[in-house]
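Novice: These are the residues of each chain, in order.
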Amino acid sequence: MTQYLVKRCLSTIPVMLLTSVIVFGLMRLLPGDPILLLVEGAQTEVSDETIDRLRAMHGLDEPIYVQYVIWLKNMLTGDLGWSFQTNQRVWDIIRVRILPTVQIGILGWIMAILVGIPLGLLAATSPGSWRDWLSTGGSLIGAAMPYFLIGGLLIYIVALRLRWLPASGFVSPFENPIDSFKTSIMPAITLGIGLAAIVMRQTRSSFLEVLQQGYIRTARAKGLSRKRVIVSHAFKNAILPVVTILGIELGALFSGAVITETIFAVPGIGRLLVDSILARDYPTIQAVVLFITLAVVIANLLVDIAYSVLDPRIRQSVSHA
Amino acid sequence: MCLMPSSAAVVSEAVCTGRSPFREGLKRFFRNRLAIIGLVLVIIEVVFAVFASVLTPYEPNVMDYKALLQGPSAQHVLGTDELGRDILTRMMHGAQLSLIVGISAVLIAVCIGVPFGLVSGYFGGVFDEIMMRVVDSVMALPALVLALTIAAVLGSGLVNATIAIAVVTAPTYTRLVRGQVLAIKQNDYVVAAQSIGAPTWRVLARHLLPNTFSPVIVQASLGIGFAIILESSMSFIGLGAMPPTPSWGNMVQIGFQFLEIAPWCVIAPATAIFLAVLGFNMLGDGLRDALDPQSGS
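Chains as they are written, first to last, in this note's numbering: chain A, 1 to 321; chain B, 1001 to 1297.
None of these hints come from the bench; they were simulated from the model. Only a predicted model underlies this, so the values are computations on that prediction, with no experimental measurement involved. Even for Gly, the Cβ is constructed at its ideal location relative to N, Cα and C. Be a bit skeptical, because a hint or two may be false.
To be verified - Not everything, but these chain A residues come out facing chain B in the computed CB check (under 10 angstroms):
1) A144
2) W164
3) G270
4) S276
As the list claims (entries may be wrong) - Computed Cβ-Cβ distance ranges for the label pairs, DEER-style:
5) D48/A <-> S1053/B: 52 to 58 angstroms
6) Y215/A <-> Y1189/B: 36 to 42 angstroms
7) Y215/A <-> I1100/B: 51 to 57 angstroms
8) G1197/B <-> L5/A: 24 to 30 angstroms
9) S129/A <-> I1036/B: 20 to 26 angstroms
10) P1210/B <-> L5/A: 38 to 44 angstroms
11) S172/A <-> I1100/B: 41 to 47 angstroms
12) T86/A <-> F1123/B: 46 to 52 angstroms
13) S1053/B <-> W164/A: 41 to 47 angstroms
Work out the full structure, taking the sequences as your base and the hints as a guide.
Specialist: If you want it as structure tokens, here you go:
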């Protein structure tokens, strides 16, 4: 088990490094000089010396590979640089944006599990019935629904017409837990419906497969009830692919956060990415993209570890390899 | 006479009835109700896109200050926007744009992804190792996040958005084709071709490539749906099509400002995105069931 964990953790390093090269390279390929862009907004005339000094201050006068090494070292030591736009530390900007994104993401994720798994189970236990058709159709529709449509309908009906929930903004749970929940419920639903559809579909197909296995028939033959067989025999095996999907789709939640946070005016990581892209604030873009990648890679690592706990065969195959 | 083992049932069915596997697949496709619905949705979008200027009396960018933000009526079936432009007309022209971007992004992605997958799977070794790490890294980044970053580098606009979408989705095809090649490169006909001295390019092009067509076509159909979502998201953020170009994404973006008084400005184009994506997803699922019956759904 330890061997597996170490191996799996080490395997994330090349992915992280390559991603950092991709992100860094993309930013440096940008047309337009970021320093000129920075001084463009200045009120007074900026001298050439000042521009050179600014360039040196941001390390932009070094050769590109030196810039990369310095940049990577800074990233690893937690120094994410200074924002071009607001002249704050990038980390200070990101820090306050994490909570809304994580809170809404987790709520959406939980919602997807609570809706997706039971519906998938319902469909798998009565294949071909109207319940199966209903949940299969529902998952097709849910998976194709763009965030704009769900978000637009929710804001229009729930916030603007019924006035049950606020249409936009975010309140911190430390300030007011109830208002915080109220502001995050609609973004979470918007984010969660697509994931729920995917989870439902995966649950259905993996339960359908497991329920055809011989040991399930044996368990039924020895007189166990359907419910008992599903809960104690089928569930653990059938849920494995669902766990994988939940991990893989974590990245999609960040893509979703970009749109939902824009729709609901939530000051989160996704909205920060959009704002910094529109403002061409490179240090912030880099840091946000790396932060998201790190979050996704760590999440996938955790899913793999959870997987190996659930399924001993995974550990075995690696240690024997 | 038919004495084949059941594992080759699909092939034998075709052999026994004298029909090609392609015709059998076609038959399976048209027996699948969901696939037909998907096909119909896609055909509707194509018809709207192709005949946009014939189907409606309005121009997509002509403003009418006497008819601002009007609700659905006989004159304007889906209402008008904040500049008095007919929303249905703009949606039809938006269909054109989303199809062009979706199809070209997928074509570019296939042209990048498939050759790398073929070579990676066939030769293996260091190249394959590096290729797969690159694919992993690109796929570790959320698609929209990476597409937005690339678009930020290239600048906004439709061509750049298309390129960004293609780059982001290409690794899917590389991985798909590589897996397919790994599975079939030990087959007798491939080994036979190698042993009679066929050049590598011929083995790749004649024996391996055609075997990757089915999964690539299925993925491409799903990929167009995904590209439409990405394009509309990028236009929504302001990094895709620029106003006044009618794109579903920027129609939704502007519509949100008037959501309270004119909800149709958001709901109509958002529903168009939904139906287009639903159509391509269902078509893709149907194609998978028809072309590759063993894989199940």
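Novice: Against the range 38 to 44 angstroms, how does the distance between the Cβ atoms of P1210/B and L5/A compare: consistent or not?
Specialist: 43 angstroms, holds
Novice: So does Y215/A sit 36 to 42 angstroms from Y1189/B, Cβ to Cβ?
Specialist: Between Y215/A and Y1189/B, where Cβ atoms are some 38 angstroms apart, the hint holds.
Novice: Could you check the hint for me, namely that T86/A and F1123/B are 46 to 52 angstroms apart, CB to CB?
Specialist: 49 angstroms, holds
Novice: Please check whether A144/A passes as an interface residue: C-beta within 10 angstroms of a C-beta belonging to chain B.
Specialist: 4 angstroms, holds
Novice: Could you check the hint for me, namely that Y215/A and I1100/B are 51 to 57 angstroms apart, CB to CB?
Specialist: About 52 angstroms separates the Cβ atoms of Y215/A and I1100/B, which means 51 to 57 angstroms holds.
Novice: Holds or violated: the hint that W164/A contacts chain B, with Cβ atoms closer than 10 angstroms.
Specialist: 15 angstroms, violated
Novice: Hint says 20 to 26 angstroms; check whether the CB-CB distance for S129/A and I1036/B agrees.
Specialist: Given about 22 angstroms between the Cβ atoms, the range holds.
Novice: Verify the interface restraint on S276/A: the C-beta must sit less than 10 angstroms from at least one C-beta of chain B.
Specialist: 9 angstroms, holds
Novice: For G1197/B and L5/A, compare the CB-CB distance with the range 24 to 30 angstroms and indicate the outcome.
Specialist: 48 angstroms, violated
Novice: Given the hint of 52 to 58 angstroms, check if D48/A and S1053/B actually sit that far apart at their C-beta atoms.
Specialist: Holds: the Cβ-Cβ distance is about 53 angstroms, inside 52 to 58 angstroms.
Novice: For the restraint on G270/A, tell me whether the closest CB of chain B is nearer than 10 angstroms.
Specialist: Hint on G270/A: holds, closest Cβ of chain B at ~8 angstroms, below 10 angstroms.
Novice: Is 41 to 47 angstroms a correct range for the gap between the Cβ atoms of S1053/B and W164/A?
Specialist: 43 angstroms, holds
Violated hints, in rising order: 2 and 8; the structure is consistent with all others.
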